[in-house]
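Trainee: For the sequence shown, the working numbering begins at 37 and goes up steadily by one.
Calculated from the structure, these hints are not laboratory results. Each hint should be verified, as a subset may be incorrect.
Label-pair ranges, simulated between beta-carbon atoms [said to hold, decoys possible]:
#1 A43 to R185: 43 to 51 angstroms
#2 G78 to A44: 23 to 31 angstroms
#3 A44 to Q198: 44 to 52 angstroms
#4 V63 to L194: 26 to 34 angstroms
#5 M37 to V63: 20 to 28 angstroms
#6 D169 to A113: 27 to 35 angstroms
Within a straight-line C-alpha distance of at most 20 angstroms, the following computed SDA-like cross-link-like pairs (lysine to any residue) qualify [as the list claims (entries may be wrong)]:
#7 K75 to P39
#8 K75 to R175
#9 K85 to G114
#10 K97 to I42
#11 K85 to G172
What you are looking at is a predicted structure, and each value in this text was computed from that prediction instead of being measured. Positions of the beta carbon are idealized from the N, C-alpha and C atoms, including for glycine.
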Amino acid sequence: MTPHDIAAVMVRHFRQVANEIGLTSDVQRIVTMASIVEKETGAPEERAKVASVYYNRLERKMALGADPSVIYAELLAGNYGGELTHADLATESPYNTYRNAGMPPGPIANPGRTALEAALHPAQTDFLYFVSDANGHHRFARTLEEHNRNINAYRRALRARQ
């Protein structure tokens, strides 16, 4: 297959899935959110919760603060070293959702069905934060205090592995 043929198959598949899940309006926004959710977690059962965190932040006019969007910005600039740093969070890019309000200008990845469904139908939560649990999943939090406790638990889990 040529690159054009591959792209055509991908577009056809996307349109089929979009139709099946009822993605008919606000497509760019939903696909952009889904792409962030896709990159944020490999655990399909968590994707609706992750989407809820991001939508809750947007609703409260908080920074989206999505690490995958910053990684994407650094990849575009050829600066990503394999681990996100504090310097990366300050990078000038429309994809840096720590520095720029709202959603990034477009998708950062090709989201799968579960990420699209999560972006279209996020869980109804009041979570504003999440952090890895160091076991392939996340701990969710409603407050910064709770989030900081989860971060400390994550750090303890990492130290225990060393």
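Trainee: Hints first: check each against the structure and report whether it holds.
Mentor: Going through the hints against the structure:
no. : hint                             : in the structure
1   : A43 to R185: 43 to 51 angstroms  : holds, 45 angstroms
2   : G78 to A44: 23 to 31 angstroms   : holds, 28 angstroms
3   : A44 to Q198: 44 to 52 angstroms  : holds, 48 angstroms
4   : V63 to L194: 26 to 34 angstroms  : violated, 39 angstroms
5   : M37 to V63: 20 to 28 angstroms   : holds, 26 angstroms
6   : D169 to A113: 27 to 35 angstroms : holds, 30 angstroms
7   : K75 to P39                       : violated, 23 angstroms
8   : K75 to R175                      : holds, 17 angstroms
9   : K85 to G114                      : violated, 31 angstroms
10  : K97 to I42                       : violated, 39 angstroms
11  : K85 to G172                      : holds, 15 angstroms
Hint check: violations occur at hints 4, 7, 9 and 10; the rest are consistent with the structure.
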